[in-house]
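Trainee: Here's the letter readout for the chains.
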Amino acid sequence: MSDKVSVKRARILLVEDSEADVRLTKEAIKESKIDIGLDVVNDGVAATDFLRKSGKYKDAARPDIIILDLNLPRKDGREVLADIKNDPDLKRIPVVVMTSSKSEEDIIKCYDNYANCYITKPLDLGKFIEVVQAIEGFWFTIVEIPKK
Amino acid sequence: MKSAAKAVKDRDGFASIIGAIREPLLVLDKHLRVTSASRSFYNTFKVKEKETVGELIYKLGNGQWNIPALKKLLTDILPKKKNFADYEVEHEFKTIGKKYMILNARGLRREGGQDSLILLAIEDITERKKLELELDAAGKIRKANEKLSVANQTLRETAAYLDNLMEYASAPIIVWNPQYIITRFNRAFEKLTGRTSKTMIGKTMNMLFPGALAKRSMEIIRESSTGNRMEAVEIEIAHIDGKSSVVLWNSSTLFEKDGSTPVATIAQGQDITKRIKALLALETSNRQLAEVNKKLLASDRIKAANKELQALNKQLFETKGLMNQAMVELERSNKELEQFAYIASHDLQEPLRMVASYVQLLEKRYKDKLDKDANDFIFYAVDGAKRMQLLINDLLTYSRLSTKAMPFELVPGEVILKKALKDLEIVIQSSKAQITNGILPDVLVDSIQFEQLLLNLIGNALKFNEPGKIPRVHVSCLRQGDDWVFTVKDEGIGIEKQYFEKVFQIFSRLHLRKEYAGNGIGLAVCKKIVERHKGRIWIESEPGKGTAFNFTLPVFKKAE
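Protein chains in written order, with the working numbering: chain H, 329 to 476; chain X, 30 to 589.
Take the hints with a grain of salt, since some may be wrong.
What the hints assert, rightly or not - Listed below are the simulated SDA-like cross-link pairs for lysine to any residue, each with C-alpha atoms no more than 20 Å apart in a straight line:
#1 H:Lys430 x X:Leu381
#2 H:Lys430 x X:Ser428
#3 H:Lys430 x X:Gln368
#4 X:Lys100 x X:Ile131
#5 X:Lys415 x H:Asp349
#6 H:Lys358 x X:Glu392
#7 X:Lys272 x X:Thr225
#8 H:Lys455 x X:Met383
Unchecked claim - A few chain H residues that face chain X, going by a derived Cβ cut-off under 10 Å, partial list only:
#9 Ser346
#10 Arg351
#11 Ser428
#12 Ser429
#13 Lys430
#14 Ser431
#15 Lys449
#16 Pro450
#17 Leu453
#18 Phe456
Derived by calculation from the structure, the hints in this document are not laboratory data.
Where is the CB? At the ideal position from N, CA and C, for every residue including glycine.
Chain X on its own, in the form it takes in the complex (with noise of 0.2 Å):
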């Protein structure tokens, strides 16, 4: 009894200390059981005695000390002899709420073979860890504001940066919102533009393009305002005095979060105008060189022809230097036959028109008072005298055939038939000759001594008859390769062969003069005319027969 009185003694005693203690404390025995407890304990975790002396710790207040650390660390503080101190914890209480406790524990051995038990010192330090807390968070609060000043000023620099940045950055920047208002406007857009970005800010896009090109330009604009993000065009930028400048034109939009909706486009400018005028000018001046070029390489060529030309016209300069002599020489010559076709002409006949005339004027006068002697004397004078007056005419007409001979013309050979009839009008009629013609054509010749040709051949013609048989004369044409051929056929007297190439002789006849008149140069005339005229002349006839003269003259070919 004793033992178990003292036992309740001194529990009582150590309860009565324990009680008097300040601090919460809490006496548990070996099995964690509370045996006892602080007025402190009591009033700080609001319990009351009798719920809590005899429970285990864990089941104080429903279970709100049951911390499994706290747990751990009791168990083991008596098998192990593990004190611990300053133990911090906090807990959510569900009657106090949260509180900070630091807890110490110790293992108690009593004397007299009484069990040991722990003391369990709970210092609540809710209020002083409150406070800490609060110092805390103000410390990092302030902290915090410290870092956002820092960061605002940061800020602020950063911006202040990029302001003036894109403000007197030297590419001219623009942004505007979405609706095309624009809300920065920097100097080099002001100088672009030469207008203010006071005046420019809050108006619309449209203001910074020329008229005519605003709208298409403004489609640009919403193009790349809408996301379609487009490679650098080039645009024109409209200066307040009326002049406008090409720039290149790179702009950007900046999303919401949502990747959809436009805050705002920002755009950049380069002026190329002074690019685009020297490109201008570089594909003019390049156009030039081409052309220089051109006219270089042309220049070049007509070069090496002029040194081929000079070389040729040296040559064609001394053979013209001879030709020029033979030219003259030719003149020359030319003009002496004039002269003497001239002097033959009418120096040659004057004379002989005197002794003509004269002889006649005798005849005339003193036929009466003749005898026939001395008329018939008087005849041949007479006759003579005509007859050099038909002659040297002849001869001035050979003559001429070269020195009077006119350039070819191409006329219809018909044509100069007629003129030949016309001419030979008195013979055809006393005749009544018949001359017929077949189709004939355009000839290039000397008309006149074309016609001479034809009233030569005709007139021989007609006039180398059969007395009392009437004339039959055919003009025909026809056509061998590259020459027309000639023929005038007459019914005549015909040509022996063997005098084919004689009767072209000049004064050669075949006849006696009483028989058939004439000089013997009709035919030569004739020969001379064909050959100036590029022809032959030839003779198809039988004695008795008839004669064909025929002469060729080379087609008129047109060149091509």
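So here's chain H without its partners, still in its complex pose (with noise of 0.2 Å):
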């Protein structure tokens, strides 16, 4: 166990519905120096109602960063975005666009619904390591989030 930075526990929300990427995200989490606090959804709708903290998600604590995959079952990413960022209360909450599409149209859509950042899951699992710690070192070392 490496030596943890001292910063206050960040909070991610996963939205990803493949369990497989799931847990390579949680792998490449662990390896991470940054305490950080993983909430997973596996659909568009818990994703808005664990934001919303509507029904089971009550208690949900807000996340810092929401890294969120496009093709999802029930309620689309796209959808999921567009609500998000729509949402006076929740369009703070930066969202990294993970996805396997390497499609333009999607890039372009994404940014267009006010997307942070548009990243295409890597196919080798070093790359995808590195980019998942990207993630965290940008976001939670780097820049600045507002606190609420």
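With the hints in hand, could you dock these two chains into one complex?
Mentor: This is how it looks when you write it as structure tokens:
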């Protein structure tokens, strides 16, 4: 176990339907120097419920950043993005779209809907780990995030 | 003696008779000598006896009676026994003036052998004659007067007639004097100008014409007045209310007997305003007619052309229908390919990523805890997965050559080359490769695909190099007829002639994976791109001496 930088526990909401990808992400985060609290939801409806603290998510913690996959069951990730960014309460939370789609159209649409950034999931494990760590590094140690 | 005395006595008795006759009477002998005359003769002709008796008749009064016609008559009386009577004679006597006389003369025989005598009775009818003449003259005068008054009457009637003629003539008539003052102005002219003759007579001619034209019109008037008789001209005459009429003007000048002093000029105008208007209208309508004709002609041609077009259109429509069908098919097929490509890229890659990632995770986590065999197995598994990913990517690229094809644009070849080299930057740097190029033309291409083409060829040139040798690549272009011939030449390992065709097949490889990486799709992609651009691609090579890949592109020609 490496020394963790004493930073307040950073919270990530991961919206991802692939269990395999969830596990990969978890494994990648394990390698991180930062103390990260990870919440996971598997579909779009659950995502918005979680963020609005409704239903079974009434005690949910507000995430510092959201990692959002696009292809989700029930409610599509693109819709979730629009919901978040149109909600005055939620729009400040940085949304990192991480998807296997390389489509230029998707990239454009996401930025048009105010995604903070768009990342294509790397095919290579090593790169995948780098990306996750880069996300953490960037958003939690370099960038300022509003407290509320 | 007796006879002589008797003669004297007779003669005296005779003479006294003669003397007593109231009319002038002359007695002449056969020699036409006056033997005696009546007292009346002496009184009438104012001669004395002594001047008369014994004188020849023609010598009387200094030859006053010398009348040749009379002489002839008298001479003939006795010999020819030709008496004459009522011989009228007039004669201008020097002393008494003109006298009109009737002469009667006869021969007188005497008895006793005495000579015959001529009795010449003279009746002085001068007074009577004068009276006669006067009467005659008076009569003549009267007749002349009658004639004159008739003539005058005729004249008056004619004048009135002409006057009326002029006055009521349908043509406007005007007369003016040499000072260009109007002297006659008929009804028709009154109507034409809206002015009365009363107001116009005595005024100058220029009153007739509209202000601006007055000068020129007066010139025309002058020319006609001085005898340069002109053919009828068109003149504008002003109406008092402002509008004007166009008139055909015809004038003629009367001269004095000398033939050069003008007395007056008469002019007649024919109102041709309507005619002119009609003429203009006719011209206009003629023009319009010509226009309509032109249009009709054009429209006829258009109709004919339209018929042809319709026939052509029908054909086109049918062809288009067929084409549309083909297009629909093509689109459908393209869409299918798109979907396939998408599936290939996304859905196929996902599980592949899982396989690769987790196997790698295994490797990472348990490398220390596994034996060499296990590690080898993991290695092959991971390697396989990675290769599959690359393959799928290449397939996607290959399929997109047609589904994501862009329209051609004219770009400088050099610019695309630079882009391709940038993509190869890392490889170039790490291999310290030297890449050179000649002048490259502007080309009409799908720039993304052209970049891919160069990338693949140069990439290959760099890859298929003797290990340890610095790769040298040269990109050049020259013109052959209507084609650009591009060459990518390397100093690499070369290709055997038997494989010159095979290498362009998809997935074909000439080497082991561990020697040279790659899926064998690069050249298939190149071939497909070159063919899409209507070119051809071929190889020149010798094993160990390097390879030249040549491809053609049609030269872009601007439409004239």
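Trainee: Hint by hint, note whether the structure agrees.
Mentor: Quick rundown of the hints versus the structure:
{"no.": "1", "hint": "H:Lys430 x X:Leu381", "result": "16 Å, holds"}
{"no.": "2", "hint": "H:Lys430 x X:Ser428", "result": "16 Å, holds"}
{"no.": "3", "hint": "H:Lys430 x X:Gln368", "result": "15 Å, holds"}
{"no.": "4", "hint": "X:Lys100 x X:Ile131", "result": "15 Å, holds"}
{"no.": "5", "hint": "X:Lys415 x H:Asp349", "result": "17 Å, holds"}
{"no.": "6", "hint": "H:Lys358 x X:Glu392", "result": "17 Å, holds"}
{"no.": "7", "hint": "X:Lys272 x X:Thr225", "result": "17 Å, holds"}
{"no.": "8", "hint": "H:Lys455 x X:Met383", "result": "13 Å, holds"}
{"no.": "9", "hint": "Ser346", "result": "8 Å, holds"}
{"no.": "10", "hint": "Arg351", "result": "8 Å, holds"}
{"no.": "11", "hint": "Ser428", "result": "6 Å, holds"}
{"no.": "12", "hint": "Ser429", "result": "6 Å, holds"}
{"no.": "13", "hint": "Lys430", "result": "7 Å, holds"}
{"no.": "14", "hint": "Ser431", "result": "8 Å, holds"}
{"no.": "15", "hint": "Lys449", "result": "7 Å, holds"}
{"no.": "16", "hint": "Pro450", "result": "8 Å, holds"}
{"no.": "17", "hint": "Leu453", "result": "4 Å, holds"}
{"no.": "18", "hint": "Phe456", "result": "6 Å, holds"}
Taken one by one, the earlier hints all hold for this structure without exception.
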